[in-house]
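Chains as they are written, first to last, in our numbering: chain H, 1 to 112; chain W, 1 to 114.
To be clear, the hints were calculated from the coordinates, so they are not data collected in a lab.
Worth double-checking, as some hints may not be accurate.
Unchecked claim - Taking beta-carbon pairs under 7 Å as the criterion, some of the chain H residues facing chain W (in silico): (1) GLY42; (2) ASP62; (3) GLY63; (4) TYR64; (5) VAL88; (6) SER94; (7) ILE99; (8) PHE103; (9) GLY104; (10) PRO105.
What the hints assert, rightly or not - Some chain W residues flagged as far from chain H (calculated, every beta-carbon gap over 12 Å): (11) ASP9; (12) GLY16; (13) ILE51; (14) ASN55.
No residue lacks a Cβ here, since even glycine has one placed at the ideal position from N, Cα and C.
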Amino acid sequence: DAGITQSPRHKVTETGTPVTLRCHQTENHRYMYWYRQDPGHGLRLIHYSYGVKDTDKGEVSDGYSVSRSKTEDFLLTLESATSSQTSVYFCAISDSRRIEQYFGPGTRLTVT
Amino acid sequence: AQSVAQPEDQVNVAEGNPLTVKCTYSVSGNPYLFWYVQYPNRGLQFLLKYITGDNLVKGSYGFEAEFNKSQTSFHLKKPSALVSDSALYFCAVSATSGTYKYIFGTGTRLKVLA
């Protein structure tokens, strides 16, 4: 998976608790992305980063925040988890030379 | 606004027959177009991309795709399907400048029957 790891790979949490998912890359790529995958919706962009400390919202950013303090790490935080955030979350990376995105293995999050 | 449509939720094809998975797009300006494949419980794997140039793009595992600007389509094709090609396929589009954000289609499940 192109030097991308995600942790944890599986998580079950309760409604109202904060949750942080981590994406770590060893490719030194500039761009990093967080997506969620839900049946019937494909993948939808939550947030993305175009450099250290440079982030912006995607199409489904409500209830999520991100941080990128180092090139290699991109954190996604669910500030107060809700059942509608039960999903599979994917991190991806790209750079301006190759453009295509490479995806991590995913994190399956269940909010009960 | 950018959008991608994959009009078929599922495509069934017999092993050895040619396969086509359809994708149409809407984007301002010239698009970057991509195909990805997802096997069960895995991340997405990059298959191929169209940036510019030849309308027929060849990618991994014998797949190819044809860019048709007038029909705003980017259909994925393979001359002879394998059972191991059975998976979920996603088309994506990106604007040609900026941060290379994708818009994904909803996916097409390909089932190759032995």
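**Prompt:** Does PHE103(H) pass the interface hint, meaning its C-beta sits closer than 7 Å to a C-beta of chain W?
**Reply:** holds, 4 Å
**Request:** Just double-check ILE51(W) for me: nearest Cβ-Cβ distance to chain H has to come out over 12 Å.
**Result:** violated, 7 Å
**chain W contact restraint on TYR64(H) - CB to CB distance below 7 Å** = Hint violated; TYR64(H) Cβ to chain W Cβ min 16 Å, cut 7 Å.
**Message:** Is the interface hint satisfied for PRO105(H)? The criterion is a beta-carbon contact with chain W at less than 7 Å.
**Reply:** The hint holds - PRO105(H) has a Cβ within 7 Å of chain W, the shortest such distance being about 5 Å.
**Message:** Restraint: ILE99(H) near chain W, CB-CB cut 7 Å. Satisfied or not?
**Reply:** Nearest chain W Cβ about 6 Å off; hint holds.
**Request:** Taking the shortest Cβ-to-Cβ distance between ASN55(W) and chain H, state whether it exceeds 12 Å.
**Result:** Correct as stated: the minimum Cβ-Cβ distance to chain H is 18 Å, above 12 Å.
**Item:** 12 Å cut-off, C-beta based - ASP9(W) kept clear of every residue in chain H
**Value:** The assertion about ASP9(W) is violated, with a minimum of 9 Å to chain H.
**Message:** A closest beta-carbon separation below 7 Å is what the hint needs, so does SER94(H) meet it against chain W?
**Reply:** Holds. Min distance 6 Å.
**Evaluation of the interface hint that places ASP62(H) against chain W, nearest CB under 7 Å** = violated, 17 Å
**Asked** Hey, does the GLY63(H) contact hint survive, CB to chain W under 7 Å?
**Response** violated, 19 Å
**Request:** Grab the minimum beta-carbon distance between GLY16(W) and chain H and tell me whether it stays above 12 Å.
**Result:** GLY16(W) clear of chain H: closest Cβ-Cβ about 29 Å, beyond 12 Å.
**Request:** Closer than 7 Å between Cβ atoms is the bar; does GLY104(H) clear it against chain W? Give me holds or violated.
**Result:** OK, holds: GLY104(H) within 7 Å of chain W, min 6 Å.
Hints 2, 3, 4, 5, 11, 13 from the list above are not met by this structure, while the remaining hints are.
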